[in-house]
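From first to last, the protein sequence lines stand for chains A and B.
For my numbering, count along the first sequence from 1 and bump the result up by 11.
For my numbering, count along the second sequence from 1 and bump the result up by 11.
Everything labelled a hint here was simulated from the structure, so no lab data went into it.
Being a predicted model, the structure only gives us computed values, none of them experimental.
Any given hint could be a false lead.
Pairs involving identical chains hold if they fit within one copy or between any two copies, as the list cannot separate such chains.
Derived pair list, reagent style SDA-like, types lysine to any residue, alpha-carbon separation capped at 20 Å [as the list claims (entries may be wrong)]: (1) 14 <-> 162; (2) 14 <-> 156; (3) 76 <-> 65; (4) 14 <-> 188; (5) 76 <-> 24; (6) 14 <-> 190.
There are 2 protein chains.
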Amino acid sequence: MSKRIGSRTVALPAQPGVIAWASVAGQKEKDGPYGDRFDQVIPDELNGENSFEAAERSMLETAVKLCAGKAGCTLHDVQMLLAGDLLNQIISAGFAARNLQIPFYGLYGACSTMSESLSLGGMLADGGFADRLICATCSHFCTAERQYRAPLELGNQRTPTAQWTVTGAGAVMLSGGPAKRRARVVLTHTTCGRVIDLGITDQNNMGAAMAPAAADTITAHMQDMGRSAADYDLVITGDLGRLGRDLLLELLTQKGIDAPEERFFDCGCEIFSPRQDTHAGGSGCGCAASMLCAHILPELAAGRLRRVLFMATGALLSPTTTMQGESIPGVAHAVVLEHREAEEG
Amino acid sequence: MSKRIGSRTVALPAQPGVIAWASVAGQKEKDGPYGDRFDQVIPDELNGENSFEAAERSMLETAVKLCAGKAGCTLHDVQMLLAGDLLNQIISAGFAARNLQIPFYGLYGACSTMSESLSLGGMLADGGFADRLICATCSHFCTAERQYRAPLELGNQRTPTAQWTVTGAGAVMLSGGPAKRRARVVLTHTTCGRVIDLGITDQNNMGAAMAPAAADTITAHMQDMGRSAADYDLVITGDLGRLGRDLLLELLTQKGIDAPEERFFDCGCEIFSPRQDTHAGGSGCGCAASMLCAHILPELAAGRLRRVLFMATGALLSPTTTMQGESIPGVAHAVVLEHREAEEG
Numbered sequence: 012m013s014k015r016i017g018s019r020t021v022a023l024p025a026q027p028g029v030i031a032w033a034s035v036a037g038q039k040e041k042d043g044p045y046g047d048r049f050d051q052v053i054p055d056e057l058n059g060e061n062s063f064e065a066a067e068r069s070m071l072e073t074a075v076k077l078c079a080g081k082a083g084c085t086l087h088d089v090q091m092l093l094a095g096d097l098l099n100q101i102i103s104a105g106f107a108a109r110n111l112q113i114p115f116y117g118l119y120g121a122c123s124t125m126s127e128s129l130s131l132g133g134m135l136a137d138g139g140f141a142d143r144l145i146c147a148t149c150s151h152f153c154t155a156e157r158q159y160r161a162p163l164e165l166g167n168q169r170t171p172t173a174q175w176t177v178t179g180a181g182a183v184m185l186s187g188g189p190a191k192r193r194a195r196v197v198l199t200h201t202t203c204g205r206v207i208d209l210g211i212t213d214q215n216n217m218g219a220a221m222a223p224a225a226a227d228t229i230t231a232h233m234q235d236m237g238r239s240a241a242d243y244d245l246v247i248t249g250d251l252g253r254l255g256r257d258l259l260l261e262l263l264t265q266k267g268i269d270a271p272e273e274r275f276f277d278c279g280c281e282i283f284s285p286r287q288d289t290h291a292g293g294s295g296c297g298c299a300a301s302m303l304c305a306h307i308l309p310e311l312a313a314g315r316l317r318r319v320l321f322m323a324t325g326a327l328l329s330p331t332t333t334m335q336g337e338s339i340p341g342v343a344h345a346v347v348l349e350h351r352e353a354e355e356g
Numbered sequence: 012m013s014k015r016i017g018s019r020t021v022a023l024p025a026q027p028g029v030i031a032w033a034s035v036a037g038q039k040e041k042d043g044p045y046g047d048r049f050d051q052v053i054p055d056e057l058n059g060e061n062s063f064e065a066a067e068r069s070m071l072e073t074a075v076k077l078c079a080g081k082a083g084c085t086l087h088d089v090q091m092l093l094a095g096d097l098l099n100q101i102i103s104a105g106f107a108a109r110n111l112q113i114p115f116y117g118l119y120g121a122c123s124t125m126s127e128s129l130s131l132g133g134m135l136a137d138g139g140f141a142d143r144l145i146c147a148t149c150s151h152f153c154t155a156e157r158q159y160r161a162p163l164e165l166g167n168q169r170t171p172t173a174q175w176t177v178t179g180a181g182a183v184m185l186s187g188g189p190a191k192r193r194a195r196v197v198l199t200h201t202t203c204g205r206v207i208d209l210g211i212t213d214q215n216n217m218g219a220a221m222a223p224a225a226a227d228t229i230t231a232h233m234q235d236m237g238r239s240a241a242d243y244d245l246v247i248t249g250d251l252g253r254l255g256r257d258l259l260l261e262l263l264t265q266k267g268i269d270a271p272e273e274r275f276f277d278c279g280c281e282i283f284s285p286r287q288d289t290h291a292g293g294s295g296c297g298c299a300a301s302m303l304c305a306h307i308l309p310e311l312a313a314g315r316l317r318r319v320l321f322m323a324t325g326a327l328l329s330p331t332t333t334m335q336g337e338s339i340p341g342v343a344h345a346v347v348l349e350h351r352e353a354e355e356g
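Next comes chain A alone, as it looks inside the complex (with noise of 0.2 Å):
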């Protein structure tokens, strides 16, 4: 039976359970606005490890381990991960799956990889292909600025346009079994992003690449579902920064769509606090994963939040094709998070 809704969406019935959540980040993101609330902070940027990358590494090995235990479960017990990061070959994810030893599932959506992995997770849960899986993602100050810009040695001084990539990392536990049953939050709709490219070619602006690709996604969720922005308590987007945030409303009302304001949560706008100079603000799969983990579920479990659109974004930067003289292309996949009320017994 079809579970399609409209063009791009797809209900999942079974409604699966988010059952765990953890999160990690580093101290810049621990003085942030949001400091209090991550479940582990790294001390500096190596965290004990011979290079950023193993760091880095370490920060996702360490936030599945948190959820499984968080879950009250063995790894042995999570039959899969979807897991993706920025590093070139997914090193981060790749190596933390050695580790662990869950069967994995080797995702690449640069930024957008939380919801990414919920989406492909929720669906595989819905149709009960697991009673328990981990989706995951992570990202680092020091590994994204050395593979995708400049290494931090050259001391390069950032354009106003430019976000900072957390270093952080975030997993959440979903379930289609029996485990989903004392869950507080639901999975129930999840809608697949589009590559969109309006042919920005400023890789230190990267909230512009972005915000087409969640201005797509956002129309096109609101109209196979018949919503607008007022049936969600926040329509929350990745990392777009101050610039692409401006960008998507710009975009959705000249599609539209109703965007008010105050209803537009972006992750990479609220992690770090305007005194920390970050310009245009947080970046990398490592903020909207940690800002999930650590603000969003647990008011949605709550019930401060009732229902939230939560879309990662992500530009498909890469410098083989930019210095090829190609634009930088975004995606963005959405899902639907519901607070659900614990039941009578």
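Chain A is already provided as a structure; the job is to place chain B on it using the hints.
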């Protein structure tokens, strides 16, 4: 209702149909033993583009378009594209998805991508989340050598254990909807791979890096299903090459799994003839993908093969981790493909 079987395998009770497939290959592949079976062959390494990278993505786009055409539908009718490739930021799949405008989930599984996409796509089709979706991947000798080893212009000598990255692409359309009725090939089960690393550090010996993951997945699959190699016409691996294939048979025998040599078919050993001087054989995402679409699926559709275990194998090789002294982990996902008789009427 759980569809899980044993520790790592899931059943696809709706038996999604493989309703169309297409392959594109390069000139060297055309000169191999299966050269006359590819749907399209590109005239040279650039295929009319300005870079090898653009040529690679053009092959993927062509494969997807040919596949949709064979299924008698437009790109607009395809609800999801699950694709990835070997290049950093999966630029081949990402830019192809931009041009094709099919909603897109990006994957990274190195050379395991064809079976990773079929594994995930099979579950999504089985669960009713897509009436039509395409699983696809590609690789290109010139882009892979440049990124993973050394620029071709250096003219480096290749070691005896080295494999030759296939220039090719494959696209497979799955249906969980009404279109599946006319399928002569169906997906019945899938087994998710774990990341396995026995400490291989030689980046010119990918077969040895992948064989342990292949052995791990085959072992899990046979134990979960209560089957042996005798239950399959062929156990097909992606690109272990001559050395990796020998190691796989040895590892399986050590684990007590029946491994009769004649039932094990490695696409990397078959795609080139020994006179083509590729040393240990073919490799790359496009190796398993193009052989699946040019040879294996047609044989299944015709009933000359009745049931195969198809398992592309990936080495999670990364220049970054290799330079940091890490070994090379591998991963392999398996899907069961079966012939189905035409229905009466």
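So, going through the hints one by one against the coordinates:
1. 14 <-> 162: neither (47 Å within a copy, 48 Å between copies)
2. 14 <-> 156: Cα proximity of residue 14 and residue 156: none, with 41 Å in one copy and 43 Å across.
3. 76 <-> 65: within (16 Å within a copy, 40 Å between copies)
4. 14 <-> 188: both (19 Å within a copy, 10 Å between copies)
5. 76 <-> 24: Neither, since 29 Å and 32 Å both go past 20 Å.
6. 14 <-> 190: Only across copies: residue 14 and residue 190 sit 16 Å apart there, 23 Å inside one copy, limit 20 Å.
Hint compliance for this structure: hints 1, 2 and 5 are broken, all remaining hints hold.
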